[in-house]
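A.B. asks: For the record, the sequence lines run as chains Y and V. Anchor point for the first sequence: position 82 equals 82 in my numbering, and the numbering is continuous, going up by one each time. Quick note, my numbering runs 429 ahead of the 1-based positions in the second sequence.
If you are wondering where the hints come from, they were derived from the structure by calculation, not from laboratory data. Check the hints yourself; a few may be wrong.
Calculated cross-link-like contacts (lysine to any residue; reagent style SDA-like; alpha-carbon spacing at most 25 Å) [what the hints assert, rightly or not]:
1. Lys156(Y) <-> Ala395(Y)
2. Lys537(V) <-> Ala395(Y)
3. Lys389(Y) <-> Asn526(V)
If you want the footprint, here are the derived chain V segments under chain Y, 3+ residues with CB under 8 Å [as the list claims (entries may be wrong)]:
4. 516-527
5. 541-552
6. 581-588
7. 649-661
All C-beta atoms, glycine included, are put in the ideal place defined by N, C-alpha and C.
Here is how the chains run, residue by residue.
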Amino acid sequence: MDNNDIKIAFDAFIKQHAPDVLTAKRKEAFETFTTKGFPTKKIENWKYTSLKAVLKPNYATVNTVSDNTLEQVEALLAAKSETYKLVFVNGVFQEQLSDITEEINVFSNVLKASNTEINQYFDTISDSSEAMVNLNTAFASSGAFITLANNKILAKPIELLFFAKAETPVFLQARNLIRVGENTHANIIEKHINLGEAIVLTNAVTELFAAASSHVQYTKLQNDSLLSNLVDNTSVSQQKDSIVTVNTFSFGGKFTRNNLTFHQYGSHCDSVLNGLSILDGKQFVDNHTLVNHNVPDCESHELYNAIYDEKSTGVFNGKVIVKQAAQKTNAYQQNKNILLSDTSNVYAKPQLEIFADDVKCSHGCTIGQLDDKVLFYMKQRGIPKAKAKALLFYAFANENVKAVKIPALRNEITHIIASKLDVTFDLEV
Amino acid sequence: MLQIKNIHASVNNKEILKGINLAIKAGEVHAIMGPNGAGKSTLSSVVAGNENFEVSQGNIVLDGEELTELSADQRAHKGVFVSFQYPVEIPGVSTTNFIKTAVSEKRKALGLPELAAKDFLKMLREKAALLQMDQKFLSRSLNEGFSGGEKKRNEIFQMAMLEPKLAILDETDSGLDIDALKVVANGVNALKSKDNAVLVITHYQRLLDYIVPDFVHVLHDGKIIKSGGKELALELEEKGYDWLIK
Ligand SMILES: Nc1ncnc2c1ncn2[C@@H]1O[C@H](COP(=O)(O)OP(=O)(O)OP(=O)(O)O)[C@@H](O)[C@H]1O
Ligand SMILES: [Mg+2]
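Construct the complete structure from the given sequences, taking the supplied hints into account.
C.D. replies: Here is the structure:
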């Protein structure tokens, strides 16, 4: 797929969709995208990450959903009911499989009539300098549209499930706008699941607005098939006293690029960026994070851990900007990488730009192997090698996993980790 | 109990142990002394089964059983224990869970049933008391941020939990303050029986006042160049090694 193919796709998209609230914005965003084109390695933020192979297939941008697929999705969901679900298949919202409420809704339901919230919030915190965001805005029509009232504690997590199943390669755009009211507590889970045998490229944009004193935990469980490519752009805006955690667990997928940006707009906020990648084969994951400390007395806590095996590659770019006004900022960043093979690679770059003088900022970055000395010590105590490795991996991964507040999700993640690393965890460390 | 016969070992093609012979009977305490770089820690690594060292000749036999071909964990299950000169830190794994895993792996290997949780905890408390070890260390990550002395005490605590046949204490005294040294030495003595043996590696006579050896050996340049009774340690303290090396 090249810049010309996307032009044709966009024209078709506009023709198909009756004019709605976003039509003007889409056209404008597409203009912007057209002048930039798909990102290349010439762009600083994409230096280590090439979309060339990802864009090679001849993607369709629209796709139908067969009854078979729906039955398959329904069967997958049947066992689980402990979440409010929003289910999309090939970009098409599936109301009969979802739990729509007045607050938990989807874009396709709110685009017809003029909507003040869209005017006020849509595309206001997403990174408009990023071509993939412009492209997503151009096609924005499918995804979660959530507005949680003030002073609520959500009984169940909200689960955003983006299924795909196609015969030939398909390019999907997911767009989420989520607002969490003052003093409200919410857990949100996002998954992309390719059920088919064709290549899928998903370009997702999420804007999350956390009002004063809200507590939000947003967990991206990226465990898609090896035919799947994901570019994710998530931007978070925080008002005073709010706590927002974004967990990014990358285990599956062939290619994943995560852009995660936090904007702190009120004092005493806490931003938690928690990432764990466990990769093998030829998997590629790039985490680009940015924390904007704009105001005084806020904190950010960032921990990205990764384990790379075989020919996998990782990129971590963690940028923290402390504006001059943001006195008394506490910003912590840690990036720890374990390379299990000689053929795996990681490019790690912390970037601190500090313009205030009364701040505490720390960052650390380590790249290493499983320590032979530690393994020998454990074996000397009678712990066989496989068990010793399991214990060490578990301890490493648990730094991230323990942050997940939902026990069922924590369990699910632990199981994936155990099977990815080919170890058994029968212990609570 | 332990026979080390003509052990030659090298690392990176450099021969470090050049024909070591040593026999230790059940119930005995042996001490090894010798200058820095002589090969003392290497000997303990080789007995424990560290694969970084290549054993080109010789055998190690424990209670009639050849250890040379066994992995480090298998040797541990047979009753070999090393209190390391430099214990490692394991972030994220609590001391309790580490020891629990070690104890349960050993029992599994020996065909013993899993220890009931309450029996394990009882043992944990008793042994911690024996070594006057604060309970708070048990829930902390193994050795992470422990002081040098605390790490050494934790080594002997693990020894107490694992009840080895042969314990090799590699410079366990270094890093311990005077009071801690007494506590740790008393702990070792309390664990001593006619059925087990201890090999103490040290630079200082001081430790041997508390853990009294039956035999003292001098290791130099990969060979045992002199053996004697406990008075040899006093002589070394006074005269150093020069007179032996010539
Ligand atoms: N991995 C290694 N690679 C190269 N040389 C090594 C290695 N391990 C040990 N050595 C060398 O082997 C020799 C013996 O080391 P060892 O640690 O056994 O000495 P030691 O008698 O325990 O000394 P100390 O009293 O200082 O603890 C030293 O010269 C050391 O540098
Ligand atoms: Mg030594």
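A.B. asks: Does each hint hold? Answer for all of them.
C.D. replies: Here's how the hints hold up against the structure:
Between the alpha carbons of Lys156(Y) and Ala395(Y) the distance comes to roughly 28 Å, so the proposed pair goes past 25 Å and is violated. For a cut-off of 25 Å, the pair hint linking Lys537(V) to Ala395(Y) stands: about 23 Å separates their Cα positions. Our distance criterion of 25 Å between C-alpha atoms is met by Lys389(Y) and Asn526(V), whose separation comes to about 15 Å. Counting residues of the segment 516-527 of chain V whose CB lies closer than 8 Å to any CB of chain Y gives 9, which reaches the minimum of 3, so the coverage claim holds.
Check on the segment 541-552 of chain V: 0 of its residues sit with their Cβ under 8 Å from a Cβ of chain Y, so the three-residue criterion for coverage is violated. Residue count for the segment 581-588 of chain V with a Cβ under 8 Å from a Cβ of chain Y: 1. That is fewer than the three needed, and the coverage hint is violated. Counting residues of the segment 649-661 of chain V whose beta carbon lies closer than 8 Å to any beta carbon of chain Y gives 0, which falls short of the minimum of three for the stated coverage.
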